[in-house]
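K.L.:
Spelled out from the first residue to the last, the chains are:
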Amino acid sequence: MSPHLEHTPQVVPFHFDLSDHVRRSVATLYSHLVTRPTGQALRMGIESQIRATDGPCVSVLDFTEVVVLDYSCADETVAKLVRRYCAEDRPAPAYFMARGVAPHHRETLETVLIRQGMALVAEVMGVGARLLGYASELEHAVWRAVEEAGSLAAADLDERVADPRAGLAAGGLVGRRVVVPGVGGRLHSLSRLALPRL
Amino acid sequence: MRVIPLPANLDEAAFDALVAPLSEPAAAGSGPVSGVGAAEAVPGPPLLLDAAGVRWVDPYGALSLLAFGHAARAAGRTARFRPPASADVTSYLRRMGFFRHAGDVFELHGEVGRGEDTQSDVLLEITAVADHGDVHRVVDRVYERSGAILSTQLGYPPELAMQFGTIFSEVCQNIIEHAQAPGWVATQTYHWRKRLGRKVVMIAVMDLGVGFRGSLEGEHAAQYAGRWGDAAALEAAFMHGVTRFRDPGRGQGLQQIRRLVGRVDGRVSIRSGTARISDVPDWADNPPLEEGLPYFPGSQICIVLPAREDTP
Chain A
9 MSPHLEHTPQ VVPFHFDLSD HVRRSVATLY SHLVTRPTGQ ALRMGIESQI RATDGPCVSV
69 LDFTEVVVLD YSCADETVAK LVRRYCAEDR PAPAYFMARG VAPHHRETLE TVLIRQGMAL
129 VAEVMGVGAR LLGYASELEH AVWRAVEEAG SLAAADLDER VADPRAGLAA GGLVGRRVVV
189 PGVGGRLHSL SRLALPRL
Chain B
890 MRVIPLPANL DEAAFDALVA PLSEPAAAGS GPVSGVGAAE AVPGPPLLLD AAGVRWVDPY
950 GALSLLAFGH AARAAGRTAR FRPPASADVT SYLRRMGFFR HAGDVFELHG EVGRGEDTQS
1010 DVLLEITAVA DHGDVHRVVD RVYERSGAIL STQLGYPPEL AMQFGTIFSE VCQNIIEHAQ
1070 APGWVATQTY HWRKRLGRKV VMIAVMDLGV GFRGSLEGEH AAQYAGRWGD AAALEAAFMH
1130 GVTRFRDPGR GQGLQQIRRL VGRVDGRVSI RSGTARISDV PDWADNPPLE EGLPYFPGSQ
1190 ICIVLPARED TP
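From first to last, the protein sequence lines stand for chains A and B.
When we follow our numbering, the leftmost residue of the first sequence carries the number 9, and every step to the right adds one.
When we follow our numbering, the leftmost residue of the second sequence carries the number 890, and every step to the right adds one.
Bear in mind the hints are in silico, worked out from the structure with no lab data behind them.
Quick caveat: nothing in here was measured; it's all calculated off a predicted structure.
Keep in mind that a hint or two might mislead.
Non-contacting residues of chain B with respect to chain A, defined by C-beta distances greater than 10 Å in every case (computed) [said to hold, decoys possible]:
1. T1016
2. V1028
3. L1049
4. Q1052
5. G1054
6. E1059
7. E1066
8. G1115
9. P1137
10. G1138
11. R1139
12. G1142
13. P1170
Examples of chain A residues toward chain B, derived with CB under 7 Å [to be verified]:
14. V42
15. Q48
16. D70
17. T72
18. E73
19. Y79
20. S80
21. G108
22. P111
23. H112
24. Q124
25. L146
26. A149
Glycine included, every Cβ here is placed at the ideal spot set by N, Cα and C.
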């Protein structure tokens, strides 16, 4: 095993197609993710899948097939999941990432996340991985440095982000679960952990 | 019987005069409708809405008639309706599905024809919204019918057209979660030649529920002390996203509707109780806040989305 892999946290990514799931768990033919009850049903389904995963995991929320996403449903699903699993008393060591995010999804997601001061890593269509929601300029800079490197030692972070508060910002990103901590203070890109195995 | 002649143009501007007879004092022989801010309901004589002279009606006007009929019945009044003399207007009301709903509340006095032929200008005929399943059906239907119209006729970029369904979803959920009573939604495209010189999409949403004041009163009235009323409740919800729910994620729906509508230089107005609040673009001339209007229960929302100026 290479030193790099040795220090990679044991995170199990799994793929969650939102549009598929809403059809299954809400037991309707609705293709649009609208209304709070739909969001609640989705969230419960996702949490059920997380509970079935033993150990840390990344739940990838796939918006590729989602056409209409309203604020109520996004709040009930994404914002509440992020809030619950970023809390100290989180029910499981889960991470979340969005993929297949189109511009109209992005705006809705940004809105519900910013309102509560939260952030989420997302693969935005045609753009690549982005940090959505609320984050300071320094947090964005640190997140980008980790994202570009894939995996970064704390000492390397200081070279890439010329700000004495970079380490503090990195700690904040780890706490908000948009960067994954490894052994010895190493930082791992969430998108690199989640997406290659999809 | 009290005869209420309807104006030639039955739209949002005609609403206050239309509902005024329902809030007249009981001493005048017309019992006011019940609800927050209304006096005790006393049944009065039957009311006949005489639409014989109506030459033009929009979705807001059509929903106004239904809301009036339901409010009158709730106040113990018999409501009657004389259809427009104009075959075009009657045909339009039929296409909007008005008579299907009107039969539940009005005694119809006159010929309304048969069938409900559909036309492309009707994006969504009058649709009752009572639960979240109705919201899904509205979004599905609007999405099926509106995509091409929004992009080709109104010139909206695809991502904005995609968010059109969000507006419907949020306004319809507003009925279910805040009104605590059923409501209706309808929408249509027009060419506003005189008023704007452009095509528009009009969305009308009405309910006869507790209204904004009733929804917020328990949680927020005390903070406003003597200033609390319909206007204060509307300002709190419309301008500041105040909601009766303590969940920090609540209260975004109206804010996002305002933002989306503002992006296309559109207009949003909400009337509730005795007040109306609006986001007023340059092309409109109504005041941003109106108070002291005739009381009417629930809330009435009007959204106008104009075509981009460079759209033929």
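K.L.:
Each of the hints needs a verdict: does it hold here or not?
P.N.:
Hints, verified against the model:
{"no.": "1", "hint": "T1016", "in the structure": "holds (15 Å)"}
{"no.": "2", "hint": "V1028", "in the structure": "violated (5 Å)"}
{"no.": "3", "hint": "L1049", "in the structure": "violated (8 Å)"}
{"no.": "4", "hint": "Q1052", "in the structure": "violated (5 Å)"}
{"no.": "5", "hint": "G1054", "in the structure": "violated (4 Å)"}
{"no.": "6", "hint": "E1059", "in the structure": "violated (6 Å)"}
{"no.": "7", "hint": "E1066", "in the structure": "violated (8 Å)"}
{"no.": "8", "hint": "G1115", "in the structure": "holds (31 Å)"}
{"no.": "9", "hint": "P1137", "in the structure": "violated (5 Å)"}
{"no.": "10", "hint": "G1138", "in the structure": "violated (4 Å)"}
{"no.": "11", "hint": "R1139", "in the structure": "violated (8 Å)"}
{"no.": "12", "hint": "G1142", "in the structure": "violated (6 Å)"}
{"no.": "13", "hint": "P1170", "in the structure": "holds (21 Å)"}
{"no.": "14", "hint": "V42", "in the structure": "holds (4 Å)"}
{"no.": "15", "hint": "Q48", "in the structure": "violated (10 Å)"}
{"no.": "16", "hint": "D70", "in the structure": "violated (17 Å)"}
{"no.": "17", "hint": "T72", "in the structure": "violated (14 Å)"}
{"no.": "18", "hint": "E73", "in the structure": "violated (13 Å)"}
{"no.": "19", "hint": "Y79", "in the structure": "holds (5 Å)"}
{"no.": "20", "hint": "S80", "in the structure": "holds (6 Å)"}
{"no.": "21", "hint": "G108", "in the structure": "violated (14 Å)"}
{"no.": "22", "hint": "P111", "in the structure": "holds (4 Å)"}
{"no.": "23", "hint": "H112", "in the structure": "holds (4 Å)"}
{"no.": "24", "hint": "Q124", "in the structure": "holds (5 Å)"}
{"no.": "25", "hint": "L146", "in the structure": "violated (25 Å)"}
{"no.": "26", "hint": "A149", "in the structure": "violated (28 Å)"}
This entry does not satisfy hints 2, 3, 4, 5, 6, 7, 9, 10, 11, 12, 15, 16, 17, 18, 21, 25 and 26, going by the numbered hints stated previously.
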